[in-house]
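Participant: Sequence:
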Amino acid sequence: MATENLPDLVIREVTPEITTFSKPFTRFGLFPFGGRSTAVRLSTGDVWVLASTPLTHDTKAALDKLGPVKWIMGADAVHHLFLGQFKKAYPEAKVIGVAALVEKKKKDGLQLDGAYGADAPDTKYGFEDEIYACYFSGFANKDVAWFHTSSKTLIVADLLFNLPGNEQYSKSKSNAKVPILGKLDPWGALHKRFVWGEGKDKPAMMRDAKTVLAWAPERIIMCHGDVIETEGTKAWASAYSKYLS
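Start counting the sequence shown at 0; every next residue gets the next number (numbering that gives the first Met the number 0).
Simulated from the structure, these hints should not be mistaken for laboratory data. Careful: at least some of the hints might be erroneous.
[Claimed, not checked] Computed list of lysine-lysine pairs in DSSO-like fashion (alpha-carbon distance at most 27 Å, straight line):
hint, residue 1, residue 2
1, K59, K170
2, K209, K241
3, K104, K59
4, K104, K93
5, K104, K199
6, K201, K172
7, K123, K176
8, K105, K93
9, K172, K199
10, K201, K59
11, K209, K191
12, K201, K191
13, K69, K106
14, K151, K103
15, K182, K241
16, K151, K172
17, K170, K182
18, K191, K172
19, K69, K59
20, K64, K106
21, K104, K151
22, K199, K170
23, K123, K182
24, K123, K104
25, K176, K201
26, K233, K176
27, K151, K87
28, K64, K105
29, K123, K241
30, K151, K64
31, K103, K93
32, K199, K209
33, K201, K170
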């Protein structure tokens with residue numbers, strides 16, 4: 000179930016309720032995007048985890064210390080490679096993904112317990128009293144944004160980047176600097192163009208970008224790049240300014 004430990008994995012307690020698992024990850028063999036899983040312990044003691052990195056022995060030990068894993072989340076159509084591994088380790092947990100993953104994971108022998116975009120919009124999976132969700136149906140990868148209310152933390156995959164990912168490469172011999180691009184962060188023009196281009200349904204994107212803005216996040220934890228610890232609302236407003244104007 001769990002795999003061998005990774006020497007460059009960074010496990011960090013962001014808050015007493017939130018732990019991140021960060022590691023190097025290179026896209027197209029060129030761009031050091033980094034990868035990150037995020038676990039949240041709810042007030043019930045149950046654990047919700049966005050599973051986007053391998054379940055190593057160290058990762059499992061940290062998760063088990065947090066509490067019983069009850070939800071394993073796939074953030075979008077492409078962040079799904081480790082869902083099956085997590086499910087094998089936590090067979091009682093629900094695996095929740097997006098509509099684009101239902102058939103894809105079924106071919107891998109994994110039956111999703113729920114899917115944003117396939118289930119009714121008002122479907123509840125059991126954590127919504129403490130973690131809000133917004134399914135970006137208009138985004139190319141069909142991403143979901145989540146908001147942990149008590150810590151005011153926004154958790155996303157490809158909806159927002161903050162590169163270079165220095166934390167994700169802090170134990171690696173590789174360089175976090177992004178070649179050609181230099182950086183890809185919420186305040187730059189490149190990021191604004193990126194999210195505009197990835198928006199395939201502009202009215203839906205405008206609606207959902209406003210939903211996240213109204214949550215007023217203080218912190219943003221993304222899969223790719225350094226965690227934004229403060230002024231998360233300003234970062235979101237900057238990245239999605241074309242949809243919010």
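Participant: For every hint, state whether the structure bears it out.
Facilitator: Each hint tested on the structure:
{"no.": "1", "hint": "K59 with K170", "in the structure": "19 Å, holds"}
{"no.": "2", "hint": "K209 with K241", "in the structure": "11 Å, holds"}
{"no.": "3", "hint": "K104 with K59", "in the structure": "22 Å, holds"}
{"no.": "4", "hint": "K104 with K93", "in the structure": "14 Å, holds"}
{"no.": "5", "hint": "K104 with K199", "in the structure": "24 Å, holds"}
{"no.": "6", "hint": "K201 with K172", "in the structure": "41 Å, violated"}
{"no.": "7", "hint": "K123 with K176", "in the structure": "40 Å, violated"}
{"no.": "8", "hint": "K105 with K93", "in the structure": "15 Å, holds"}
{"no.": "9", "hint": "K172 with K199", "in the structure": "38 Å, violated"}
{"no.": "10", "hint": "K201 with K59", "in the structure": "40 Å, violated"}
{"no.": "11", "hint": "K209 with K191", "in the structure": "15 Å, holds"}
{"no.": "12", "hint": "K201 with K191", "in the structure": "14 Å, holds"}
{"no.": "13", "hint": "K69 with K106", "in the structure": "23 Å, holds"}
{"no.": "14", "hint": "K151 with K103", "in the structure": "33 Å, violated"}
{"no.": "15", "hint": "K182 with K241", "in the structure": "20 Å, holds"}
{"no.": "16", "hint": "K151 with K172", "in the structure": "33 Å, violated"}
{"no.": "17", "hint": "K170 with K182", "in the structure": "20 Å, holds"}
{"no.": "18", "hint": "K191 with K172", "in the structure": "31 Å, violated"}
{"no.": "19", "hint": "K69 with K59", "in the structure": "14 Å, holds"}
{"no.": "20", "hint": "K64 with K106", "in the structure": "32 Å, violated"}
{"no.": "21", "hint": "K104 with K151", "in the structure": "31 Å, violated"}
{"no.": "22", "hint": "K199 with K170", "in the structure": "37 Å, violated"}
{"no.": "23", "hint": "K123 with K182", "in the structure": "37 Å, violated"}
{"no.": "24", "hint": "K123 with K104", "in the structure": "21 Å, holds"}
{"no.": "25", "hint": "K176 with K201", "in the structure": "32 Å, violated"}
{"no.": "26", "hint": "K233 with K176", "in the structure": "24 Å, holds"}
{"no.": "27", "hint": "K151 with K87", "in the structure": "31 Å, violated"}
{"no.": "28", "hint": "K64 with K105", "in the structure": "31 Å, violated"}
{"no.": "29", "hint": "K123 with K241", "in the structure": "31 Å, violated"}
{"no.": "30", "hint": "K151 with K64", "in the structure": "23 Å, holds"}
{"no.": "31", "hint": "K103 with K93", "in the structure": "17 Å, holds"}
{"no.": "32", "hint": "K199 with K209", "in the structure": "16 Å, holds"}
{"no.": "33", "hint": "K201 with K170", "in the structure": "40 Å, violated"}
Consistency with the previously given hints fails for numbers 6, 7, 9, 10, 14, 16, 18, 20, 21, 22, 23, 25, 27, 28, 29, 33, ordered from lowest to highest.
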